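Undergrad: Spelled out, the chains give:
Protein chains: 2
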Amino acid sequence: MKYGIAIFPSKKVQDEANSYRKRYDPHYALIPPHITMKEAFDADESEIESKIIPELKKIARNTDPFSFGVFKVSSFSPVTNTIYLKVEPSDEIFALNEKLHSGEMPGEKDFAFVPHITIAQKLSDEEFSDVFGSLTMLKFDLHDQVDRFQLLYQLENGAWSVYETFRLGKE
Amino acid sequence: MKYGIAIFPSKKVQDEANSYRKRYDPHYALIPPHITMKEAFDADESEIESKIIPELKKIARNTDPFSFGVFKVSSFSPVTNTIYLKVEPSDEIFALNEKLHSGEMPGEKDFAFVPHITIAQKLSDEEFSDVFGSLTMLKFDLHDQVDRFQLLYQLENGAWSVYETFRLGKE
Numbered sequence: 003m004k005y006g007i008a009i010f011p012s013k014k015v016q017d018e019a020n021s022y023r024k025r026y027d028p029h030y031a032l033i034p035p036h037i038t039m040k041e042a043f044d045a046d047e048s049e050i051e052s053k054i055i056p057e058l059k060k061i062a063r064n065t066d067p068f069s070f071g072v073f074k075v076s077s078f079s080p081v082t083n084t085i086y087l088k089v090e091p092s093d094e095i096f097a098l099n100e101k102l103h104s105g106e107m108p109g110e111k112d113f114a115f116v117p118h119i120t121i122a123q124k125l126s127d128e129e130f131s132d133v134f135g136s137l138t139m140l141k142f143d144l145h146d147q148v149d150r151f152q153l154l155y156q157l158e159n160g161a162w163s164v165y166e167t168f169r170l171g172k173e
Numbered sequence: 003m004k005y006g007i008a009i010f011p012s013k014k015v016q017d018e019a020n021s022y023r024k025r026y027d028p029h030y031a032l033i034p035p036h037i038t039m040k041e042a043f044d045a046d047e048s049e050i051e052s053k054i055i056p057e058l059k060k061i062a063r064n065t066d067p068f069s070f071g072v073f074k075v076s077s078f079s080p081v082t083n084t085i086y087l088k089v090e091p092s093d094e095i096f097a098l099n100e101k102l103h104s105g106e107m108p109g110e111k112d113f114a115f116v117p118h119i120t121i122a123q124k125l126s127d128e129e130f131s132d133v134f135g136s137l138t139m140l141k142f143d144l145h146d147q148v149d150r151f152q153l154l155y156q157l158e159n160g161a162w163s164v165y166e167t168f169r170l171g172k173e
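As you go down the protein sequences, you meet chains A and B in turn. Residues are numbered in my numbering as their position in the first sequence, beginning at 1, plus a constant of 2. Residues are numbered in my numbering as their position in the second sequence, beginning at 1, plus a constant of 2.
Hints listed in this document are in silico derivations from the structure and should not be mistaken for laboratory results. Keep in mind it's a predicted model, so treat the numbers as computed, not measured. Warning: the hint list may mix true and false statements.
Calculated from the model, a selection of chain A residues having no Cβ within reach of chain B, i.e. all distances over 12 Å [claimed, not checked]:
no., residue
1, PHE10
2, TYR30
3, LEU32
4, GLU51
5, LYS53
6, PRO80
7, GLU128
8, LEU153
9, TYR155
10, ALA161
11, THR167
So the derived list for chain B, only partly shown, Cβ under 7 Å to chain A, looks like this [stated by the list, open to error]:
no., residue
12, ALA31
13, GLU100
14, SER163
A virtual CB, placed ideally from N, CA and C, is assigned to each residue, including glycine.
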């Protein structure tokens with residue numbers, strides 16, 4: 003089964019992201035707005051229960067809640083045409099990402115971690131230029147608090163279902 | 003904010019339900035297949051944190067995991083044209099539903115609890131006759147285990163985002 007780990011921001015930030023995703027993100031219906039903390043990885047349910055979940059509990063317990071800001075959009079162009087709300091980098095979010103890729107946790111990172119909330123993807127080059135051109139003019143002033151992350155698994159239709167929630171700093 | 007409580011069945015059952023929801027349920031994109039254990043209720047975040055979550059933890063701790071079967075579809079017709087996978091009634095699921103509507107938990111039940119996984123809704127009368135006529139011929143033999151429930155909140159677009167997971171029988 004395919005699993006992944008994400009942070010879901012507050013309703014306020016999710017609603018803001020959805021106002022763009024609705025038009026520009028074909029994954030709009032598959033998962034609410036999120037910060038991917040660990041890309042999809044394969045595991046079986048027994049491994050999840052016996053190894054991954056205990057490890058995630060330990061990581062959560064040893065991570066304090068932290069805050070982040072979103073002030074602008076950015077893009078992965080020219081690698082992909084993905085446009086995202088840029089999550090201001092902080093030591094805390096990088097440290098959490100690191101923990102989710104060390105020790106008992108499976109999988110190597112394929113690329114450097116860029117904390118972000120995707121709002122547009124799979125646009126044609128022309129659409130991308132138009133949309134990025136207008137979104138990049140916008141100023142945001144979103145401040146949010148992270149106090150949990152979630153382990154999800156993917157259904158056959160591509161949608162993600164939450165398996166378990168891990169609260170930071172406590173059990 | 004609007005909150006609700008649901009059980010998400012295993013991937014196997016969710017995939018099966020989605021094969022019908024995709025065609026017949028306009029809520030397909032708003033939430034994965036689920037058993038609604040408590041209808042949408044209003045609460046503010048401080049009440050959720052100070053009152054509801056501690057209560058849900060207590061309820062989860064005092065409820066043992068249980069199993070359920072799905073053998074056929076049924077419908078709420080003539081009240082609504084909703085078609086669902088009928089979750090075989092069990093003492094355990096009724097007891098959990100009862101706990102989620104007693105004590106500190108807000109809200110009265112508007113109608114008797116019928117455990118179900120919706121696969122079609124908001125069909126025209128004609129569509130309903132066609133679809134129900136063919137689905138009602140199907141036999142299912144799904145067996146599933148419930149070991150958690152989830153507290154969700156609703157986004158502005160109508161989609162539901164998981165706030166917290168409660169494992170039955172421990173924490």
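Undergrad: Against this structure, judge whether each hint is valid.
TA: Checked hints:
1. A:PHE10, annotated as away from the interface, has a beta carbon of chain B within 12 Å; the closest lies near 6 Å.
2. Not every CB of chain B lies more than 12 Å from the CB of A:TYR30, the least distance being 8 Å, so the non-interface label is violated.
3. Once the 12 Å rule is applied to beta carbons, A:LEU32 is inconsistent with being away from chain B; the minimum gap is 8 Å.
4. At roughly 10 Å from the closest C-beta of chain B, the C-beta of A:GLU51 falls inside 12 Å, breaking its exclusion from the interface.
5. The beta carbon of A:LYS53 sits about 17 Å from the closest Cβ of chain B, which is more than 12 Å, so the claim that it is off the interface holds.
6. Chain B leaves A:PRO80 outside its interface by the beta-carbon criterion, the shortest separation being 31 Å against a cut-off of 12 Å.
7. A:GLU128, annotated as away from the interface, keeps every beta carbon of chain B farther than 12 Å; the closest lies near 26 Å.
8. Listed as a non-interface residue, A:LEU153 fails to keep its Cβ farther than 12 Å from every Cβ of chain B; the least gap is roughly 9 Å.
9. In this structure A:TYR155 is not separated from chain B by more than 12 Å, as the shortest Cβ-Cβ distance comes to only about 6 Å.
10. With a least CB separation of 6 Å from chain B, A:ALA161 falls inside the 12 Å interface cut-off, contrary to its annotation.
11. Distance check on A:THR167: its Cβ comes as close as 4 Å (rounded) to a Cβ of chain B, failing to clear the 12 Å threshold; non-interface status is violated.
12. Against a cut-off of 7 Å between C-beta atoms, the interface hint on B:ALA31 holds, since the closest Cβ of chain A lies about 3 Å away.
13. A hinted interface residue such as B:GLU100 counts as satisfied when its beta carbon comes closer than 7 Å to some beta carbon of chain A; here the least separation is about 24 Å, so the hint is violated.
14. Interface hint at B:SER163: satisfied, since its Cβ lies 4 Å from the closest Cβ of chain A, which is below the 7 Å cut-off.
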